[in-house]
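**Q** Chains as they are written, first to last, in the numbering used here: chain Y, 1 to 502; chain F, 1 to 502.
Treat the hints with care, as some may be off.
Unchecked claim - Partner residues aside, some chain F positions facing chain Y, computed with beta carbon under 10 Å:
hint : residue
1    : 16
2    : 40
3    : 57
4    : 59
5    : 89
6    : 92
7    : 95
8    : 222
9    : 245
10   : 497
11   : 501
12   : 502
Stated by the list, open to error - Computed cross-link-like contacts, BS3-like style, restricted to lysine-lysine with a CA-CA straight-line distance of at most 25 Å:
hint : chain 1 : residue 1 : chain 2 : residue 2
13   : Y       : 209       : F       : 34
14   : Y       : 34        : F       : 34
15   : Y       : 226       : F       : 34
16   : F       : 209       : Y       : 97
Hint data in this document are derived by calculation from the structure and do not stem from the laboratory.
Ideal placement from N, C-alpha and C gives every residue a C-beta, glycine not left out.
Protein chains: 2
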Amino acid sequence: MDDEQKLTQLKSLLNEVWDLRRVVRLLQWDQQVKMPIGGTHGRAHQLATLSQLEHVKFTSEEIGQLLEDLQPYAGQLDPDANDARLIRVTTRRYKKKTRVPADWVARKAEAASEGYRAWEEARATDNFSLFQPYLEKNVSLRQEYAEFFKPYEHVYDPLLDEFEPGIKTREVQQIFDELRPHQVALIQAIGERAQVGDSFLHQPFDEEKQRDFGAEVVTRFGYDWKRGRQDVSPHPFTESLGLGDVRITTRFMPDYLSSAMFSTFHESGHAIYEQGIDPDLDRTHLATGASLGLHESQSRLYENLVGRSYDFWIHFYPRLQEYFPMQLANVSLESFYSGINKVEPSLIRVEADEATYNLHIMLRLELEIALIEGQVLVKDLPGEWNDRMGEYLGLTPTNDALGVLQDVHWSEGYIGYFSTYALGNLISAQLWECIHTDIPDLPEQVRRGEFSRLTGWLTEKIHRHGAKFEPQELVTQATGSKIDPAPYLRYLESKYGQIYGL
Amino acid sequence: MDDEQKLTQLKSLLNEVWDLRRVVRLLQWDQQVKMPIGGTHGRAHQLATLSQLEHVKFTSEEIGQLLEDLQPYAGQLDPDANDARLIRVTTRRYKKKTRVPADWVARKAEAASEGYRAWEEARATDNFSLFQPYLEKNVSLRQEYAEFFKPYEHVYDPLLDEFEPGIKTREVQQIFDELRPHQVALIQAIGERAQVGDSFLHQPFDEEKQRDFGAEVVTRFGYDWKRGRQDVSPHPFTESLGLGDVRITTRFMPDYLSSAMFSTFHESGHAIYEQGIDPDLDRTHLATGASLGLHESQSRLYENLVGRSYDFWIHFYPRLQEYFPMQLANVSLESFYSGINKVEPSLIRVEADEATYNLHIMLRLELEIALIEGQVLVKDLPGEWNDRMGEYLGLTPTNDALGVLQDVHWSEGYIGYFSTYALGNLISAQLWECIHTDIPDLPEQVRRGEFSRLTGWLTEKIHRHGAKFEPQELVTQATGSKIDPAPYLRYLESKYGQIYGL
Numbered sequence: 001m002d003d004e005q006k007l008t009q010l011k012s013l014l015n016e017v018w019d020l021r022r023v024v025r026l027l028q029w030d031q032q033v034k035m036p037i038g039g040t041h042g043r044a045h046q047l048a049t050l051s052q053l054e055h056v057k058f059t060s061e062e063i064g065q066l067l068e069d070l071q072p073y074a075g076q077l078d079p080d081a082n083d084a085r086l087i088r089v090t091t092r093r094y095k096k097k098t099r100v101p102a103d104w105v106a107r108k109a110e111a112a113s114e115g116y117r118a119w120e121e122a123r124a125t126d127n128f129s130l131f132q133p134y135l136e137k138n139v140s141l142r143q144e145y146a147e148f149f150k151p152y153e154h155v156y157d158p159l160l161d162e163f164e165p166g167i168k169t170r171e172v173q174q175i176f177d178e179l180r181p182h183q184v185a186l187i188q189a190i191g192e193r194a195q196v197g198d199s200f201l202h203q204p205f206d207e208e209k210q211r212d213f214g215a216e217v218v219t220r221f222g223y224d225w226k227r228g229r230q231d232v233s234p235h236p237f238t239e240s241l242g243l244g245d246v247r248i249t250t251r252f253m254p255d256y257l258s259s260a261m262f263s264t265f266h267e268s269g270h271a272i273y274e275q276g277i278d279p280d281l282d283r284t285h286l287a288t289g290a291s292l293g294l295h296e297s298q299s300r301l302y303e304n305l306v307g308r309s310y311d312f313w314i315h316f317y318p319r320l321q322e323y324f325p326m327q328l329a330n331v332s333l334e335s336f337y338s339g340i341n342k343v344e345p346s347l348i349r350v351e352a353d354e355a356t357y358n359l360h361i362m363l364r365l366e367l368e369i370a371l372i373e374g375q376v377l378v379k380d381l382p383g384e385w386n387d388r389m390g391e392y393l394g395l396t397p398t399n400d401a402l403g404v405l406q407d408v409h410w411s412e413g414y415i416g417y418f419s420t421y422a423l424g425n426l427i428s429a430q431l432w433e434c435i436h437t438d439i440p441d442l443p444e445q446v447r448r449g450e451f452s453r454l455t456g457w458l459t460e461k462i463h464r465h466g467a468k469f470e471p472q473e474l475v476t477q478a479t480g481s482k483i484d485p486a487p488y489l490r491y492l493e494s495k496y497g498q499i500y501g502l
Numbered sequence: 001m002d003d004e005q006k007l008t009q010l011k012s013l014l015n016e017v018w019d020l021r022r023v024v025r026l027l028q029w030d031q032q033v034k035m036p037i038g039g040t041h042g043r044a045h046q047l048a049t050l051s052q053l054e055h056v057k058f059t060s061e062e063i064g065q066l067l068e069d070l071q072p073y074a075g076q077l078d079p080d081a082n083d084a085r086l087i088r089v090t091t092r093r094y095k096k097k098t099r100v101p102a103d104w105v106a107r108k109a110e111a112a113s114e115g116y117r118a119w120e121e122a123r124a125t126d127n128f129s130l131f132q133p134y135l136e137k138n139v140s141l142r143q144e145y146a147e148f149f150k151p152y153e154h155v156y157d158p159l160l161d162e163f164e165p166g167i168k169t170r171e172v173q174q175i176f177d178e179l180r181p182h183q184v185a186l187i188q189a190i191g192e193r194a195q196v197g198d199s200f201l202h203q204p205f206d207e208e209k210q211r212d213f214g215a216e217v218v219t220r221f222g223y224d225w226k227r228g229r230q231d232v233s234p235h236p237f238t239e240s241l242g243l244g245d246v247r248i249t250t251r252f253m254p255d256y257l258s259s260a261m262f263s264t265f266h267e268s269g270h271a272i273y274e275q276g277i278d279p280d281l282d283r284t285h286l287a288t289g290a291s292l293g294l295h296e297s298q299s300r301l302y303e304n305l306v307g308r309s310y311d312f313w314i315h316f317y318p319r320l321q322e323y324f325p326m327q328l329a330n331v332s333l334e335s336f337y338s339g340i341n342k343v344e345p346s347l348i349r350v351e352a353d354e355a356t357y358n359l360h361i362m363l364r365l366e367l368e369i370a371l372i373e374g375q376v377l378v379k380d381l382p383g384e385w386n387d388r389m390g391e392y393l394g395l396t397p398t399n400d401a402l403g404v405l406q407d408v409h410w411s412e413g414y415i416g417y418f419s420t421y422a423l424g425n426l427i428s429a430q431l432w433e434c435i436h437t438d439i440p441d442l443p444e445q446v447r448r449g450e451f452s453r454l455t456g457w458l459t460e461k462i463h464r465h466g467a468k469f470e471p472q473e474l475v476t477q478a479t480g481s482k483i484d485p486a487p488y489l490r491y492l493e494s495k496y497g498q499i500y501g502l
């Protein structure tokens with residue numbers, strides 16, 4: 001086989017691997033959205049069989065040999081060409097996957113499943129000690145995992161790399177060290193001002209109308225319904241089953257408007273990202289977002305930078321009032337805008353507002369790093385958690401269910417994940433500033449409910465590239481600098497300065 | 001490895017194969033029920049990848065060797081034990097699958113896909129000649145297929161065996177030769193009597209109420225919603241995604257009551273069959289029905305023997321009138337019962353009533369056999385079709401779209417399939433007679449809307465065995481004789497004799 005034949009063969013094998021991955025996603029989507037309870041046992045087997053097949057197929061010697069053989073060929077291509085990037089990204093993933101022994105993968109899967117069950121019970125009974133041995137197991141497995149990737153700069157690097165390829169612990173720490181004092185100070189300043197009202201958000205809102213309004217907005221954002229659909233699930237999520245089939249879900253709260261509305265905007269951001277990927281990359285490992293952080297930057301951008309902006313509601317608030325005249329006719333645009341942007345330190349991350357959210361993440365990141373370093377022991381985690389909550393948000397959880405037990409991630413061994421949420425926030429603001437430079441009249445467009453140029457800019461700079469570039473490369477290409485907390489701080493300070501009169 | 005280890009290994013491999021098959025079914029279910037149009041291209045790839053993987057895994061040398069090694073072990077077991085049957089049934093399928101060259105499979109898949117497209121166009125434009133070369137290709141591929149299974153008693157046997165394992169062309173011909181003159185005579189006799197009215201079925205019927213009534217009935221039949229769900233799709237079907245997840249679909253016609261109602265009863269029969277399979281057989285090739293004919297016997301039994309019986313409506317007609325008082329308050333039970341059992345020869349199989357249905361099948365079976373034998377050429381098919389329609393039903397299609405082009409099956413190369421519909425009718429009546437012997441007060445139970453003993457009998461005799469037995473074995477076990485047309489004829493003659501006063 002010559003190089004081009006080898007590349008064709010490689011792509012054909014990767015296409016099969018990718019098909020398996022997409023089908024795993026369908027199994028998961030269906031499980032959360034449609035599957036009857038009786039399917040649980042059989043579905044677990046199907047997921048295990050397909051995940052295992054995907055792993056075996058991807059880590060095959062044949063793919064390894066083709067990747068090795070194709071290195072010189074890739075070196076002759078334009079380094080940013082799709083084929084060059086495919087070989088590069090796939091080689092990197094192949095090397096990572098094949099460094100990890102099958103035995104570790106099996107132990108991890110078992111620990112995740114047992115950890116999840118223990119966490120459920122611990123949270124329900126507010127008893128951290130039930131969870132402690134399982135979390136210790138997960139931490140120790142992740143420490144073991146890091147050792148497969150020696151030498152490393154920091155023991156946490158290999159964990160972070162799973163979610164943010166190429167980003168180092170040191171970089172994330174620098175970013176968050178810069179961010180932390182400003183965010184803490186902002187919260188304190190806001191806490192000294194008069195609180196804004198948002199009681200009008202807590203009224204009965206017809207579910208069908210909530211859905212229709214959300215659909216109207218995300219259609220304007222550019223979500224393509226011919227290549228997607230929206231369903232109801234216990235937790236909102238986005239699943240790409242192929243570039244032509246990117247589905248979003250939400251849940252409707254009958255007595256609270258913000259939940260489904262902003263989660264619909266949020267998920268549409270994830271989906272528009274996936275729908276915008278260059279079709280040439282389909283059925284390969286490049287047919288997805290660059291990282292979780294980049295993905296979150298898109299969802300947060302539509303949810304917050306657009307969806308919680310005053311400009312946006314100049315256009316859409318009259319529409320929303322038409323949907324809900326009983327509830328909103330007597331609420332002014334100004335009150336509505338303040339209400340949806342109310343800042344209130346709270347114990348629960350997923351209920352946090354824009355101003356406090358990142359502090360929830362920093363706390364988790366610091367604790368994760370300390371756990372993996374061995375500086376904090378699992379048994380001391382509840383105390384460490386509560387201390388930091390007091391320091392950052394001025395609150396102390398009255399029990400561990402409202403504290404260290406609130407998130408599912410650690411129970412399943414996801415350590416290295418949380419920072420992506422905060423990085424997404426930072427990137428969204430960084431992109432936002434650049435978009436305004438390139439599209440000076442964007443505020444006027446948003447005030448008219450027009451998003452085609454905004455989404456076009458994001459597609460051009462971010463979406464179409466899929467996973468060709470690592471997050472720092474892609475952010476640098478799009479904005480001229482690496483991930484930088486300054487734009488997000490400027491955004492928060494300007495927005496909340498105005499709302500709270502700081 | 002000793003024999004028990006080999007059996008464990010065999011089961012483990014078959015479990016993976018079966019998981020892949022179930023996942024293929026989910027891909028198909030989703031495609032018809034949920035998938036956005038944009039997913040078409042990617043879904044075709046996913047289906048091809050998984051079907052191919054399933055084939056490669058099942059026909060692997062490892063499975064072949066294990067099956068061969070386990071023959072003596074199987075010989076020592078009770079021949080009806082699950083393990084003995086698993087080895088026997090799987091060996092039979094393995095031998096069949098491995099006799100067919102991969103090249104033929106690829107050509108067949110291509111011919112099916114091209115044939116389907118040509119058929120769609122031919123039917124839309126009523127132009128058989130567009131379809132003729134593709135049907136010729138499909139017929140010739142099936143003739144080629146039969147040759148892989150030489151020696152055979154009849155060239156059509158290997159085709160039939162795909163859908164009704166073990167049944168011979170000779171048997172089916174004998175059954176249908178006995179049936180034909182009686183059914184033709186019955187239709188003629190009915191045609192000479194005054195027609196019954198059914199205009200009340202053609203009124204507006206609220207879709208949600210149609211759904212609720214259907215769900216109420218199939219719940220009583222024994223359909224387990226914890227292990228299933230109902231959705232809307234262009235054509236009603238049942239899909240088993242595992243014994244704990246058996247889904248039905250229907251389509252609602254806003255102006256015709258019978259369509260969704262009887263198709264819901266029908267699909268619930270298929271689903272109750274799958275839900276009733278012994279869980280010990282799950283994730284193996286025994287975890288499905290014994291044949292398409294057996295499957296159809298269950299769907300027809302609930303749809304017709306129960307669902308179109310007078311006893312059934314004694315209980316349910318008052319309920320139906322509560323759902324639709326405007327439409328049915330002034331329609332008597334007797335009129336309703338006659339209306340849903342109206343016999344009227346028509347050109348289209350899927351719209352045929354119980355009395356005429358089998359004649360549509362016989363016509364197709366005769367033509368299929370003649371095509372495969374080479375006694376009839378594809379180019380002469382429209383004429384042959386129309387001649388038989390005149391002979392059996394006294395009707396002549398005014399165009400081929402209403403005649404030879406009406407069904408999709410042949411376009412995709414399904415030759416050998418049609419007879420399973422008629423066999424299902426016959427088996428349903430044969431079982432029905434036996435059930436009445438074993439449960440003498442069944443009519444009283446049905447008149448009270450009670451079906452637990454009926455469904456219990458079917459589960460005991462048919463459902464739980466899955467695919468352990470071949471259709472003739474299973475029917476003989478359950479009824480004491482092989483498939484026999486006499487009970488169905490008795491059923492038709494008694495029922496329609498009463499309705500039409502013959």
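**Q** Does each hint hold? Answer for all of them.
**A** Results of checking the hints against the structure:
| no. | hint | result |
| --- | --- | --- |
| 1 | 16 | holds (5 Å) |
| 2 | 40 | holds (7 Å) |
| 3 | 57 | holds (9 Å) |
| 4 | 59 | violated (16 Å) |
| 5 | 89 | violated (20 Å) |
| 6 | 92 | violated (24 Å) |
| 7 | 95 | violated (25 Å) |
| 8 | 222 | violated (14 Å) |
| 9 | 245 | holds (3 Å) |
| 10 | 497 | violated (43 Å) |
| 11 | 501 | violated (47 Å) |
| 12 | 502 | violated (46 Å) |
| 13 | Y:209 x F:34 | holds (22 Å) |
| 14 | Y:34 x F:34 | holds (10 Å) |
| 15 | Y:226 x F:34 | holds (12 Å) |
| 16 | F:209 x Y:97 | violated (54 Å) |
Checked against the numbered hints given earlier, this structure breaks hints 4, 5, 6, 7, 8, 10, 11, 12, 16; the rest are met.
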